[in-house]
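Trainee: Sequence:
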Amino acid sequence: MGDVLAGFHAAWEFESDSVLIRFERGIRTPKLFQALGERRIPLEAIAAVTLTPGKRGTVVLHAVPRPGADPLMDAAAGQLKEGSDPYRLVLPAERQTLAEYYLDELRGRLVDEGDVRPDRYLVAPPEAPLQFKAYDGKASFDGASVSFRWFWTGASSAKWKAGDKTFPVADLSGVEWRSPELFEGHLRLLHREAADEQPGQADQDPAAVVFGLGYGPVHESLPFAASVLAAVRSTSPAPSSAGPLRAGSASVVRRDPADIAERIRHLGELHQAGLVTDAEFATKKTELLAEL
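Residue numbering for the sequence shown is 10 to 301, as defined by the working numbering.
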């Protein structure tokens, strides 16, 4: 095709075997898009394409990625808001006819792969080295290992006792990313051999960093998680074990009173910022106090 369709925050360039998405860097462009810059999406990574009415006189061209094709979307695990979905191109309604043309063109080039998960990521991950500041530490990834360096102002006593940590990618089985826009957001590394033995609370797990107000924003922590996840999958001994895994539930353990107080303080910050409702604040505070 070789043509370009420009939307409000991105432009899609249609090529014979892929779609090149170039994101704008304007002040109104979501920060995640600005961080990504541009992404080449092979057509084999797209499961479907839709065109639907948007808000306030717009239409939305949406390419739906295949599960297991893009490490960014695997890591996000459905937690991205619509406005931060890099596969949505928002267009003025007057371009609907043009969008319909590209919709038909794309659909005609897609190959039905069914529910078969690709044996490798088809979309390139964000490149290492990457780093970001979480609430309780600094996370760094050099392409071969992930390092956590704890902050004395935020890290729990359990993490201080464990000391700063470095995790070779070869020892990991996956990554768990919980959006900082949700309550108790965190990034957790899952051990290949002992994932079931990791603490249930991210603030007590030396293999996890927790997010807070202004710490671990989506545009920094999600590309980080995607890059680590892609590295883990590339070293995985079996393709079926690749992908974002979920930590198993863990039994509640008694915690240091100082940790409880710090967690309640953090919860209070979220409450004051309007990110946690009165009911959520009261419920979670009761749960924390019950762990003393």
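Among these hints, one or two may not hold up.
Stated by the list, open to error - Straight-line distance between alpha carbons at most 25 Å, and here's what the computed DSS-like set of lysine-lysine pairs gives:
| # | residue 1 | residue 2 |
| --- | --- | --- |
| 1 | K147 | K174 |
| 2 | K142 | K90 |
| 3 | K90 | K64 |
| 4 | K170 | K40 |
| 5 | K64 | K40 |
| 6 | K40 | K142 |
| 7 | K174 | K142 |
| 8 | K170 | K147 |
| 9 | K90 | K40 |
| 10 | K170 | K142 |
None of these hints come from the bench; they were simulated from the model.
Trainee: A separate judgement is required for each hint: does it hold in the structure or not?
Mentor: Checked hints:
For the hint linking K147 to K174, the alpha-carbon distance of about 11 Å falls within 25 Å, and the restraint holds. Pair hint K142 plus K90 holds up; C-alpha atoms about 22 Å apart against a cutoff of 25 Å. The straight-line distance between the Cα atoms of K90 and K64 is roughly 14 Å, inside the 25 Å bound, and the hint therefore holds. The suggested pairing of K170 with K40 is violated, with an alpha-carbon distance near 35 Å, which exceeds 25 Å.
Of the supplied pair hints, the one linking K64 and K40 holds, its CA atoms being roughly 20 Å apart against a limit of 25 Å. Restraint check: the Cα-Cα separation between K40 and K142 comes to about 16 Å, which is no more than 25 Å; the hinted pair holds. Restraint check for K174 and K142: the C-alpha separation of about 15 Å stays at or below 25 Å, so the hint holds. At most 25 Å may separate the alpha-carbon atoms for a hinted pair to count; K170 and K147 meet this at roughly 17 Å.
Of the pairs offered as hints, the one joining K90 and K40 holds, with about 13 Å between alpha carbons and a cut-off of 25 Å not exceeded. For the suggested pair K170 and K142, the alpha carbons sit about 20 Å apart, so the restraint of at most 25 Å is met.
The structure does not agree with numbered hint 4 stated previously, though it agrees with all others.
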